[in-house]
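A.B. asks: Top to bottom, those sequences are chains A and B.
According to my numbering, the first sequence is numbered sequentially starting from 18.
According to my numbering, the second sequence is numbered sequentially starting from 13.
Just so you know, the hints here were simulated from the structure itself, not pulled from any lab data.
Note that the structure is a prediction, hence the values are computed from the model and not measured.
Quick reminder that beta carbons are idealized off the backbone N, C-alpha and C, glycines included.
The reader is advised that the hints may include incorrect statements.
Claimed, not checked - Derived contacts from chain B toward chain A, CB cut-off under 8 Å, selection only:
#: 1; residue: Y24
#: 2; residue: R106
#: 3; residue: V115
#: 4; residue: D117
#: 5; residue: G216
Stated by the list, open to error - Dumping the calculated DSSO-like pairs for lysine-lysine here, alpha-carbon to alpha-carbon at most 30 Å:
#: 6; chain 1: B; residue 1: K229; chain 2: B; residue 2: K55
#: 7; chain 1: B; residue 1: K229; chain 2: A; residue 2: K126
#: 8; chain 1: A; residue 1: K126; chain 2: B; residue 2: K55
#: 9; chain 1: B; residue 1: K241; chain 2: A; residue 2: K126
Unchecked claim - Quick list of the computed label-pair ranges, beta carbon to beta carbon:
#: 10; chain 1: A; residue 1: A140; chain 2: B; residue 2: E225; range: 24 to 32 Å
#: 11; chain 1: A; residue 1: I75; chain 2: B; residue 2: L249; range: 50 to 58 Å
#: 12; chain 1: B; residue 1: P99; chain 2: A; residue 2: W40; range: 33 to 41 Å
#: 13; chain 1: A; residue 1: T110; chain 2: B; residue 2: K43; range: 49 to 57 Å
#: 14; chain 1: A; residue 1: V60; chain 2: B; residue 2: E225; range: 24 to 32 Å
#: 15; chain 1: B; residue 1: P42; chain 2: A; residue 2: W141; range: 50 to 58 Å
#: 16; chain 1: B; residue 1: W256; chain 2: A; residue 2: S89; range: 39 to 47 Å
#: 17; chain 1: B; residue 1: L140; chain 2: A; residue 2: R33; range: 44 to 52 Å
#: 18; chain 1: A; residue 1: V95; chain 2: B; residue 2: K43; range: 32 to 40 Å
#: 19; chain 1: A; residue 1: L147; chain 2: B; residue 2: K43; range: 51 to 59 Å
#: 20; chain 1: A; residue 1: A61; chain 2: B; residue 2: L140; range: 53 to 61 Å
#: 21; chain 1: B; residue 1: Q16; chain 2: A; residue 2: P131; range: 58 to 66 Å
#: 22; chain 1: B; residue 1: H211; chain 2: A; residue 2: I75; range: 50 to 58 Å
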Amino acid sequence: MSERLAPTEYHPRWFRRRVSTYWWLERRSYLAFILRELSSVFVAWSVAYLLLLVRAVIQGHSRYDQFLAWSSRPFVLVINIVSLSFVALHAITWFNLAPQAMVIRVLGKRVPGPLIMASNYVAWAISSALVVWLVLRT
Amino acid sequence: MADQITLQVARYRPEEEASPTFQEYDVPCPKDWVVLDGLNYVKDRLDGTLSYRWSCRMGICGSCGMTVNGEPKLTCATFLADYAPGPVRVEPLRNFPVIRDLVVDIGDFMRKLNRVKPWIVRKDHKPLSEGEYRQTPQEMDEYAQFSMCINCMLCYAACPIYGLDQEFIGPAAIALAQRYNLDSRDEGARERLEVLSEHEGIWGCTFVGECTEVCPKNVDPAGAIQRYKLTAALDSLRAFLVPWSAR
Chain A
18 MSERLAPTEY HPRWFRRRVS TYWWLERRSY LAFILRELSS VFVAWSVAYL LLLVRAVIQG
78 HSRYDQFLAW SSRPFVLVIN IVSLSFVALH AITWFNLAPQ AMVIRVLGKR VPGPLIMASN
138 YVAWAISSAL VVWLVLRT
Chain B
13 MADQITLQVA RYRPEEEASP TFQEYDVPCP KDWVVLDGLN YVKDRLDGTL SYRWSCRMGI
73 CGSCGMTVNG EPKLTCATFL ADYAPGPVRV EPLRNFPVIR DLVVDIGDFM RKLNRVKPWI
133 VRKDHKPLSE GEYRQTPQEM DEYAQFSMCI NCMLCYAACP IYGLDQEFIG PAAIALAQRY
193 NLDSRDEGAR ERLEVLSEHE GIWGCTFVGE CTEVCPKNVD PAGAIQRYKL TAALDSLRAF
253 LVPWSAR
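For reference, chain B alone in the conformation it holds in the complex (with noise of 0.2 Å):
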């Protein structure tokens, strides 16, 4: 195996440059290196000046997804070794905007994470006497695939739909929305459902599935969203069909 590997990453400085420029550096290649380490090398030993985002290493905080040789991956969960002899080229985020270097800005997807309102939405509160709102086994099963999603925002940045309009609401989203829906103690699929049921919401999911593919937790939000729009259809049949019923 090569000792060295070589990254080609992407530099962006606004205050220079009008967009992005490819630069080299060789770093080692030991069989235990994530493409993190690789820029974590660069930025400690070659080059300070090197932007990107990183946290915890170990796939949960979600804050180093980049595009490695064309792929969205988090960064510390993609090794050098797999590449070799390389080069690997790490690009940022695609679909979203680049701040410097390797940096996105991921306001668009907090702003809509929020609208989902992604918590236990209850209309009552039992007081707190009452003790915790319980929960079998098989109720938590139910959202507990969707729970996994660590906003990575990698299935965004697969997402030919997102990429092509800013307006959809996107895949992590509307699978964060489902794993509160899901939640035998959340009340607020009605308030979750007017957001998702708008033309950017689910209906704007072409079932491309790249979200899923590429998802590093395996939270299929694909699968999220065509659940989704079974929903919002039969509650739209039901409205339309039994119009007294509605909640």
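Isolated chain A, as found in the complex (with noise of 0.2 Å):
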């Protein structure tokens, strides 16, 4: 697509400045940005931990005992919860970004960004609650 540049008489050479190995580090937004990129990993983490859960318990009462001692060890919980704080991120920053991405009109006006994002967070409440009360009604 673009052009290499070659030296002329009157452009003997060009400067060309390196990218560090750490441009990450050089700015804050950077670096959310490789968080945010890194949390997909997590995101995988956390469904393959889920259909573990499911396939554990389709197995019987006794594979999803041997499950749960599983998950309780040292190792498996710090995983966890440093992938729920990924998890959250990942949403966070996407929830935060949506207005961006998405432009949505109810009669001819646009919806406000603010709005796009609170309906994110909204939906994001509405189901978590939803999930509680599952956990919590038996």
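Make the complex out of the two chains shown on their own, each in a separate frame, by following the hints.
C.D. replies: Encoded structure:
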């Protein structure tokens, strides 16, 4: 796409600043971006963990108890606590970015960004409340 | 307030040196002076060999973009007093090859800009006798934000993706493509999609969002790119589900 620069008589050489390997530490926003990207790994782990839980439930009581015992081991607990914080970061950062990616019009007027953001949080709160209700019901 | 402030200006003289060095100049610092005024003072009174670009001094031409204390800024809209007591470090825009001192090569951006056809594309032009192409205020409102772009390239300087991959078409080019795609008079969206749906087009963007943060005209290129991704994804889905509907 871009043409390579070639020196000419009047431009003997260009100087191009090298991008540091640690460019993502240069600005807070770059670091926040990298952490958001990294959060995808923990989201994937959360999905895998959920699938393992479902499999244990399907396989019966003893397998489920084994899964709970495994889940209460310190290293699994640490992984899950770290994952929870990254999944929360993932959700919050994407909810905050949603208004930039979505243009919604109601009756010809553009829905303000904060309202789109708030609707995401409300949906999150409702689904969390539903899960809490399902868990505490028994 | 200090009467003077020190500018640490990046100098690069390709015929003399292999990499840039910094030169310090003390310039007056009245409260209404911007960084560009400081550079003009240097050029006029202290050192006529300093090279930099500027033109309008009022945030319209987009020529005077530089890196001020590590941030991409329009130097005509960045007040020296905000950096008092200094020093103020002035460097060329990042992510572009430096030709001399504060002047960068903008050829890559200009070629990319041309590829997205930032003009109104019509299949058929109606005769002049039928008058102008009319537009309602609502239709203009669709693209007005993106039409504010002044091609200052601060967004390219802030974009780490462009820094790492020079093939990425970049924020301003995509925002300007979107400006014309959303224009009710335009019929060139399909042609632009071919360029923008390339890997180095919209999909190169990982939504760092710094382009929007540094934009002096509130264009929001990051938003334009994400909206374009949605359009392109829906277009691909439509082509897959209803292939006969392809325009």
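A.B. asks: Look at each hint and say if it fits the structure.
C.D. replies: Hints, verified against the model:
Hint status for B:Y24: holds, given a least beta-carbon distance of 5 Å to chain A, under 8 Å. Because the smallest distance between the Cβ of B:R106 and any Cβ of chain A comes to about 6 Å, under 8 Å, the interface hint for this residue holds. The interface hint given for B:V115 is broken, as the beta carbon of that residue sits about 11 Å from the closest beta carbon of chain A, more than 8 Å. At its closest, the beta carbon of B:D117 sits 6 Å from a beta carbon of chain A; the interface hint therefore holds under the 8 Å criterion.
Hint status for B:G216: violated, given a least beta-carbon distance of 10 Å to chain A, over 8 Å. With a CA separation close to 28 Å, the supplied pair B:K229 and B:K55 stays within the 30 Å bound. For the hint pairing B:K229 with A:K126, the CA-to-CA distance comes to about 23 Å; that is within 30 Å, so the pair holds. The hinted pair formed by A:K126 and B:K55 fails the criterion: a straight-line CA distance of about 50 Å is larger than 30 Å.
For the hint linking B:K241 to A:K126, the alpha-carbon distance of about 22 Å falls within 30 Å, and the restraint holds. Taken as a hint, the range 24 to 32 Å holds for the pair A:A140 and B:E225, whose Cβ atoms sit roughly 27 Å apart. A beta carbon spacing of about 33 Å between A:I75 and B:L249 contradicts the range 50 to 58 Å that was offered as a hint. Taken as a hint, the range 33 to 41 Å is violated for the pair B:P99 and A:W40, whose Cβ atoms sit roughly 24 Å apart.
For A:T110 and B:K43, the Cβ-Cβ distance of about 38 Å falls outside the hinted range of 49 to 57 Å, so the restraint is violated. A hinted range of 24 to 32 Å for the beta carbons of A:V60 and B:E225 is consistent with their spacing of about 25 Å. The hint said 50 to 58 Å for the Cβ distance between B:P42 and A:W141, and at roughly 51 Å that hint holds. One distance hint, 39 to 47 Å for the beta-carbon pair B:W256 and A:S89, is violated here, with the actual separation near 57 Å.
Hint check: B:L140 to A:R33, Cβ distance near 48 Å, so the stated range 44 to 52 Å holds. Range check, A:V95 to B:K43: about 54 Å between beta-carbon atoms, so the 32 to 40 Å window is missed. One distance hint, 51 to 59 Å for the beta-carbon pair A:L147 and B:K43, holds here, with the actual separation near 57 Å. For A:A61 and B:L140, the Cβ-Cβ distance of about 59 Å falls inside the hinted range of 53 to 61 Å, so the restraint holds.
Checked against the given bound of 58 to 66 Å, the beta carbons of B:Q16 and A:P131, roughly 44 Å apart, lie outside it. The supplied range of 50 to 58 Å is broken by B:H211 and A:I75, whose beta-carbon atoms lie about 41 Å from each other.
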